[in-house]
Amino acid sequence: MTGEILFQADNISKTFGGLKAVDNVSFALRAGIITALVGPNGAGKTTLFNAMTGHLVPDRGAVTFLGESILGLPHWKVARLGIGRTFQDLKLFSHMTVLENVTTATESGSWLWQTGGRAAQVERSARIERALDATQLQRRRDTRAVDLSYAERKFLSIARIMASGARLWLLDEPASGLDRSSYDRFLTVLRNEVRAGVTICIIEHNLDIVQSISDRIAFLDQGRLLAEGEPKTILSDPALAAIYFGERAP
Amino acid sequence: MATYIINLAILIGINAILAVTLNFILGYAGIFSLAHAIFFGIGAYTAAVAAMKFGADFAAATAAGMLVSGVISLALALPALRVRGEYFVAASLGLQMLALTVFSEWKSVTGGIGGLIGIPPPRLFGFDVSDPVLFLALTLACLGVILIAIRALVRSSFGRSLKAIRDDETAASALGKNVALLKTLAVMVSSSFAAVAGSLFAFFLSFINVESFVLEVSVQVIAMVIIGGTGTLLGPVIGAAIVLLLPALLTYLPYLPPTEIGSIQQMIYGLAMVLLMIFRPSGLWGYGSSQDRKRAAP
Amino acid sequence: MVFLQLFLNGLQLGAIYALTAVGFSLIFGSTKIFHVAHGSAFAISGYIYWWLASQLDVAWPVATLAAVLAAAAFGLLMERFIYRPIQRHEASFFTVFIAAFGVSLVIQNLIGSVAGRGMETVTTPLSRSVEIMDGLFVAPISAISIGVAILVFTALSYFLGRTHVGIAMRALSENPDLVRVFGLDPGRVAQWAFVIGSAVVVPGAIFTAMTAGLNPAIGTHVMLVSLAATIVGGIGSVRGAACGGMLLGLAENLAYWKLDPQWSEAVTFVVLFAFIIFRPSGFFGTPTAAR
Ligand SMILES: Nc1ncnc2c1ncn2[C@@H]1O[C@H](COP(=O)(O)OP(=O)(O)OP(=O)(O)O)[C@@H](O)[C@H]1O
Ligand SMILES: [Mg+2]
Numbered sequence: 001m002t003g004e005i006l007f008q009a010d011n012i013s014k015t016f017g018g019l020k021a022v023d024n025v026s027f028a029l030r031a032g033i034i035t036a037l038v039g040p041n042g043a044g045k046t047t048l049f050n051a052m053t054g055h056l057v058p059d060r061g062a063v064t065f066l067g068e069s070i071l072g073l074p075h076w077k078v079a080r081l082g083i084g085r086t087f088q089d090l091k092l093f094s095h096m097t098v099l100e101n102v103t104t105a106t107e108s109g110s111w112l113w114q115t116g117g118r119a120a121q122v123e124r125s126a127r128i129e130r131a132l133d134a135t136q137l138q139r140r141r142d143t144r145a146v147d148l149s150y151a152e153r154k155f156l157s158i159a160r161i162m163a164s165g166a167r168l169w170l171l172d173e174p175a176s177g178l179d180r181s182s183y184d185r186f187l188t189v190l191r192n193e194v195r196a197g198v199t200i201c202i203i204e205h206n207l208d209i210v211q212s213i214s215d216r217i218a219f220l221d222q223g224r225l226l227a228e229g230e231p232k233t234i235l236s237d238p239a240l241a242a243i244y245f246g247e248r249a250p
Numbered sequence: 251m252a253t254y255i256i257n258l259a260i261l262i263g264i265n266a267i268l269a270v271t272l273n274f275i276l277g278y279a280g281i282f283s284l285a286h287a288i289f290f291g292i293g294a295y296t297a298a299v300a301a302m303k304f305g306a307d308f309a310a311a312t313a314a315g316m317l318v319s320g321v322i323s324l325a326l327a328l329p330a331l332r333v334r335g336e337y338f339v340a341a342s343l344g345l346q347m348l349a350l351t352v353f354s355e356w357k358s359v360t361g362g363i364g365g366l367i368g369i370p371p372p373r374l375f376g377f378d379v380s381d382p383v384l385f386l387a388l389t390l391a392c393l394g395v396i397l398i399a400i401r402a403l404v405r406s407s408f409g410r411s412l413k414a415i416r417d418d419e420t421a422a423s424a425l426g427k428n429v430a431l432l433k434t435l436a437v438m439v440s441s442s443f444a445a446v447a448g449s450l451f452a453f454f455l456s457f458i459n460v461e462s463f464v465l466e467v468s469v470q471v472i473a474m475v476i477i478g479g480t481g482t483l484l485g486p487v488i489g490a491a492i493v494l495l496l497p498a499l500l501t502y503l504p505y506l507p508p509t510e511i512g513s514i515q516q517m518i519y520g521l522a523m524v525l526l527m528i529f530r531p532s533g534l535w536g537y538g539s540s541q542d543r544k545r546a547a548p
Numbered sequence: 549m550v551f552l553q554l555f556l557n558g559l560q561l562g563a564i565y566a567l568t569a570v571g572f573s574l575i576f577g578s579t580k581i582f583h584v585a586h587g588s589a590f591a592i593s594g595y596i597y598w599w600l601a602s603q604l605d606v607a608w609p610v611a612t613l614a615a616v617l618a619a620a621a622f623g624l625l626m627e628r629f630i631y632r633p634i635q636r637h638e639a640s641f642f643t644v645f646i647a648a649f650g651v652s653l654v655i656q657n658l659i660g661s662v663a664g665r666g667m668e669t670v671t672t673p674l675s676r677s678v679e680i681m682d683g684l685f686v687a688p689i690s691a692i693s694i695g696v697a698i699l700v701f702t703a704l705s706y707f708l709g710r711t712h713v714g715i716a717m718r719a720l721s722e723n724p725d726l727v728r729v730f731g732l733d734p735g736r737v738a739q740w741a742f743v744i745g746s747a748v749v750v751p752g753a754i755f756t757a758m759t760a761g762l763n764p765a766i767g768t769h770v771m772l773v774s775l776a777a778t779i780v781g782g783i784g785s786v787r788g789a790a791c792g793g794m795l796l797g798l799a800e801n802l803a804y805w806k807l808d809p810q811w812s813e814a815v816t817f818v819v820l821f822a823f824i825i826f827r828p829s830g831f832f833g834t835p836t837a838a839r
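Chains as they are written, first to last, in our numbering: chain A, 1 to 250; chain B, 251 to 548; chain C, 549 to 839.
None of these hints come from the bench; they were simulated from the model. Note that this is a predicted model, so its numbers are computed, not measured. Hints should not be assumed to be uniformly reliable.
As the list claims (entries may be wrong) - Footprint (simulated), chain B over chain C, 3 or more residues, beta carbon under 8 Å: (1) 556-565; (2) 763-777.
What the hints assert, rightly or not - A partial selection of chain C residues facing chain B, derived with a Cβ cut-off under 8 Å: (3) Gly650; (4) Ser661; (5) Gln810.
Glycine included, C-beta positions come from ideal geometry on N, C-alpha and C.
In isolation and in its complexed conformation, chain A is listed as follows (with noise of 0.2 Å):
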């Protein structure tokens, strides 16, 4: 199962208008690991997820998940073969409960009633429960999204994409400004989830989180994927660091 790749990009690129967002970037995701996607601002991390699931087309190169092309399918087939994402700014339902974000996403079905009767209900509110413990959010369960802290919103997000059963979860900076022992609450779901069988690639800024929680890295810069490897490699290669850390190199 590990080791298996679940993900692939070929060649993508994306250009907005002369800007090379992604510029000729290949890599897969391989099952039942952490990868983690970082890069200075503006390195095209969003772009790539946004190619990824959909969101964007990209101008040229190929997508597959599973093996199969996934390339041009609109966002929410994608959303429906397993990839799930959260973004940057969240984009929580913010006039809707704790319950409903959680509900809501393990609805996808579009017509006046969701399939599979009784047995699914019961599967979805079992998933909805679970999400909810996982992110100790049990107790906020009928507050709307908008009255929630920081914290908590970005716990939300972590259950919304947790009980919509996507088994490739792309989190865009999800622990962004999280205070330390929210962050080793973070790490810990995220592990768990893992070893649960989910698959993650997680834009992360913070290279302490990184190191510990990621079992690979790729490193975007300026559009181009520059090194892909173990976390010791990447992180203990002074001229990535140079260019991470803003002095780029002659």
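Could you slot chains B and C with the ligands onto chain A? The hints should help.
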């Protein structure tokens, strides 16, 4: 006097159906339609024609109206919902103007400007329900059924998906929701329920013409929803009552020339819309409190 | 010959529509505010001109100036007292739209109560048609309105392309930082967008007063056309709005060739629907995917 009150109550009931059905798309799905009066009209014309030409009773005529209205709403929703919200507003405004022209020009069916005269008294399962009290009961029953249906829809997964789309379309689609299909269905449900109001209206007056389906009527229904509060179940009903009682109250004001009442009424809605949006965007009875605003301010 | 006649009429109407749509598009492009009360600026300035020129016999340059000031003031007041307070707490499309819609309702009925609900026209010798060819009638006003439209567009393109405020106005919605780089205040630039966007409707309003005439509901009609032209031209593109307005004016008049006049407004929306279905990004717009 009693007849006057009963008639007013019937009109409030009919308008409450319009307001509740518009609120379903506006308040829960965030879809802004300026063509609600058209679906009201389609329901009215279809029911009238069904009753006059085919002798249909109230139930059959209403069902026909709902069907036609639902199908025509697809013509609006399918193209316009693929793109951003502004387009739907423009397209619905377009439909409002286009359909009104059709109402007044398609003389063989709609009777043109003169309208349809002599719609037979309503019968339901063989009984005559044209007596004002019975008709009021029928209207309230329709309103009740629609309220229950909408309440059930709003609390179902469908309603949650619509609210999710209203709050954040991108996040909703990232959770696997087919936004265009969900919105299209919502518009269809809303339009076919609006046709029920049209059918009631046609049987109530036994006469209809284009005057009742103009843009001002769409705007008046929007005013009901806004004043009552978007995204609540009963708010629009209260809104409908307030808006319809307004002219009755205005007639009691001295020195007000009767010709100006319509105009003053519209100015009052207009002003109410502006002030509510500035000071209380969720409407008088809407969800959300001042807390929203405090939070939103950084 | 009928075709040529309708084509000329269409050009004139198109010029008026283009001017109105350009104002709407300029405001939307720079502030992202869907200013549906734009039609009210048209109605207000048209009625001010009619009142001064036709009722009080004021000289036309003075009446024109007053109309421009009224339109600009309306735009400015809308920004200052309606949109800004709303955006301070909730900037959703919905709230802004309803408020603007409410304002246009108030203005329309206010005009109706004050000036009457009938059709009002400013009579001028300029709108008297002369037969320049067999069966082809042209009024001087047609040439004037097309000329003025071209003049206004040239001035506007120069302003948007060459001046700091103009460039800042185009950059405002995408990149407010750029505005600050020029040393301008984004709030101020938004106000300028409203002032200029509202003022450019004035020629259209005056020409309409001189030809087809004004009624209190004209604002709604203008709003419809501006919306349609903006979508047809591509949301956010000023040049597109001008072309869209011209296209709609032409389509509306050419429709008379085969259809009864009642269908003219319907034609506008057939064009609009066609664009929404087949080319939702309009002439010059960028594709409309969500951000
Ligand atoms: N829709 C867009 N249109 C134009 N330019 C864009 C768009 N989205 C991203 N960009 C540009 O592409 C580049 C990469 O952006 P991206 O958001 O992918 O960076 P990022 O690595 O996620 O940065 P951050 O760490 O700040 O989130 C940036 O220069 C950005 O301005
Ligand atoms: Mg990013």
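Going down the list of hints, with the structure as the test:
1. 556-565: violated (count 0)
2. 763-777: n = 4 at 8 Å, threshold three: holds.
3. Gly650: holds, 3 Å
4. Ser661: holds, 5 Å
5. Gln810: Because about 6 Å separates C:Gln810 from the closest Cβ in chain B, which is inside the 8 Å limit, the hint holds.
Checked against the numbered hints above, the structure breaks only hint 1 and satisfies the rest.
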